[in-house]
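Here's the letter readout for the chains.
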Amino acid sequence: DTAVSQTPKYLVTQMGNDKSIKCEQNLGHDTMYWYKQDSKKFLKIMFSYNNKELIINETVPNRFSPKSPDKAHLNLHINSLELGDSAVYFCASRFQGLEQYFGPGTRLTVT
Amino acid sequence: GESVGLHLPTLSVQEGDNSIINCAYSNSASDYFIWYKQESGKGPQFIIDIRSNMDKRQGQRVTVLLNKTVKHLSLQIAATQPGDSAVYFCAENSQGAQKLVFGQGTRLTINP
Numbered sequence: 001d002t003a004v005s006q007t008p009k010y011l012v013t014q015m016g017n018d019k020s021i022k023c024e025q026n027l028g029h030d031t032m033y034w035y036k037q038d039s040k041k042f043l044k045i046m047f048s049y050n051n052k053e054l055i056i057n058e059t060v061p062n063r064f065s066p067k068s069p070d071k072a073h074l075n076l077h078i079n080s081l082e083l084g085d086s087a088v089y090f091c092a093s094r095f096q097g098l099e100q101y102f103g104p105g106t107r108l109t110v111t
Numbered sequence: 001g002e003s004v005g006l007h008l009p010t011l012s013v014q015e016g017d018n019s020i021i022n023c024a025y026s027n028s029a030s031d032y033f034i035w036y037k038q039e040s041g042k043g044p045q046f047i048i049d050i051r052s053n054m055d056k057r058q059g060q061r062v063t064v065l066l067n068k069t070v071k072h073l074s075l076q077i078a079a080t081q082p083g084d085s086a087v088y089f090c091a092e093n094s095q096g097a098q099k100l101v102f103g104q105g106t107r108l109t110i111n112p
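First to last, the protein sequences are chains F and L.
Following our numbering, the numbering of the first sequence begins with 1 at its first residue and continues without gaps.
Following our numbering, the numbering of the second sequence begins with 1 at its first residue and continues without gaps.
If we strip away everything but chain F, and leave its shape as in the complex, we get:
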């Protein structure tokens, strides 16, 4: 199936730990994104990469570091996790059009 996929789907960890979320798209898209969705369902963009180049970096703590090994993958590494990092993280991608295609999300719970 052509899609945007994320792993893991659920992630439970303790404060202070470091964790990574992975995203892959097989749609042939050039641009990929990370979004954070809080408990009130508000979706906020965090980062965007185009052909492995960072093009959008919103006001996000530098504990969050995206990495794009190739244009089909965009991973998100989070250092020193805090309670406030608990949220659902979505990866998305797009080609030349403006519509973005979203992955299924990763629910991160920090205890």
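No lab work stands behind these hints, which were simulated from the structure alone.
All values derive from a computational prediction rather than experimental measurement.
The beta-carbon is built from N, C-alpha and C at its ideal position, and this holds for glycine as well.
Any given hint might turn out to be false.
As a list, the in silico DSS-like pairs of lysine-lysine whose alpha-carbon atoms are at most 30 Å apart [claimed, not checked]:
id, chain 1, residue 1, chain 2, residue 2
1, L, K99, F, K36
2, F, K52, L, K42
3, L, K99, F, K71
4, L, K99, F, K40
5, L, K99, F, K44
6, F, K36, L, K71
7, F, K41, F, K22
8, L, K68, F, K36
9, F, K40, L, K68
10, F, K22, L, K42
11, F, K40, L, K42
Facing chain F, from chain L, some residues (calculated, C-beta under 8 Å) [claimed, not checked]:
id, residue
12, Y32
13, E39
14, K42
15, F46
16, K71
17, F89
18, F102
19, Q104
20, G105
21, T109
Following the hints, complete the assembly by docking chain L onto the known chain F.
Chain L in isolation, oriented as in the chain F frame:
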């Protein structure tokens, strides 16, 4: 600053009725608008989009209306079905920007 918001956070309709979900935006430079549907436990799914040079666009059972004068966007769903239950988001893009700005979302509930 730019913002996209919704008038109603929740909407309940009877099965078979038409649903109208509204969205207001404040950035007059916005030239592209999109609606997403998010079902429980899933990622947002593209429904329909519209560019600012249009005021209406129709899809299958859905219609998007754009009123640039009052910076208002609406999504109409005809003959609402139980499978339409979800949170609906509008989002906008400004010319030259490469990001979508999302509204807060409206939860649509279908009553049998």
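To see whether the hints hold, each was checked on the structure:
1. For the hint pairing K99(L) with K36(F), the CA-to-CA distance comes to about 14 Å; that is within 30 Å, so the pair holds.
2. With a CA separation close to 26 Å, the supplied pair K52(F) and K42(L) stays within the 30 Å bound.
3. Restraint check: the Cα-Cα separation between K99(L) and K71(F) comes to about 17 Å, which is no more than 30 Å; the hinted pair holds.
4. A hinted pair counts as satisfied when its Cα atoms are at most 30 Å apart, and K99(L) with K40(F) qualifies at roughly 21 Å.
5. Simply put, K99(L) and K44(F) have alpha-carbon atoms about 10 Å apart, close enough for the 30 Å limit, and the pair holds.
6. Restraint check for K36(F) and K71(L): satisfied, since their Cα atoms lie roughly 26 Å apart, inside the 30 Å limit.
7. In summary, the hint linking K41(F) to K22(F) is supported, as the alpha carbons are separated by about 21 Å, within the 30 Å threshold.
8. Taking the CA atoms of K68(L) and K36(F), the gap is near 29 Å; set against the 30 Å cutoff, the hint holds.
9. Taken as a hint, the K40(F) and K68(L) pair is honoured in the structure, with Cα atoms around 28 Å apart against an allowance of 30 Å.
10. For the proposed pair K22(F) and K42(L), the alpha carbon gap of about 17 Å is at most 30 Å, so the pair holds.
11. A C-alpha spacing of about 15 Å is found between K40(F) and K42(L), which places the hinted pair at or below 30 Å, so the restraint holds.
12. Checking Y32(L) against chain F by beta carbon gives a least distance of about 5 Å; that is within 8 Å, so the hint holds.
13. With a cut of 8 Å, the hint placing E39(L) at the interface with chain F is violated, because the nearest CB-to-CB distance is about 11 Å.
14. Using the Cβ-Cβ criterion of 8 Å, the hint placing K42(L) at the interface with chain F is satisfied: the shortest such distance is roughly 6 Å.
15. Hint status for F46(L) relative to chain F: holds, with the closest Cβ pair at about 5 Å, below 8 Å.
16. Evaluation of the K71(L) hint against chain F yields a violated restraint, the C-beta minimum of about 19 Å exceeding 8 Å.
17. Taking 8 Å as the C-beta cut-off, the interface hint given for F89(L) holds, the closest approach to chain F being about 7 Å.
18. With a least beta-carbon distance of about 4 Å to chain F, the hint placing F102(L) at the interface is held under the 8 Å criterion.
19. The interface hint given for Q104(L) holds, since its Cβ lies 6 Å from the closest Cβ of chain F, which is under the 8 Å cut-off.
20. For G105(L), the suggested interface contact is upheld, since its CB lies about 5 Å from the closest CB of chain F, less than 8 Å.
21. Interface hint at T109(L): violated, since its Cβ lies 14 Å from the closest Cβ of chain F, which is beyond the 8 Å cut-off.
Taken one by one, the earlier hints fail for this structure at numbers 13, 16 and 21, listed in ascending order.
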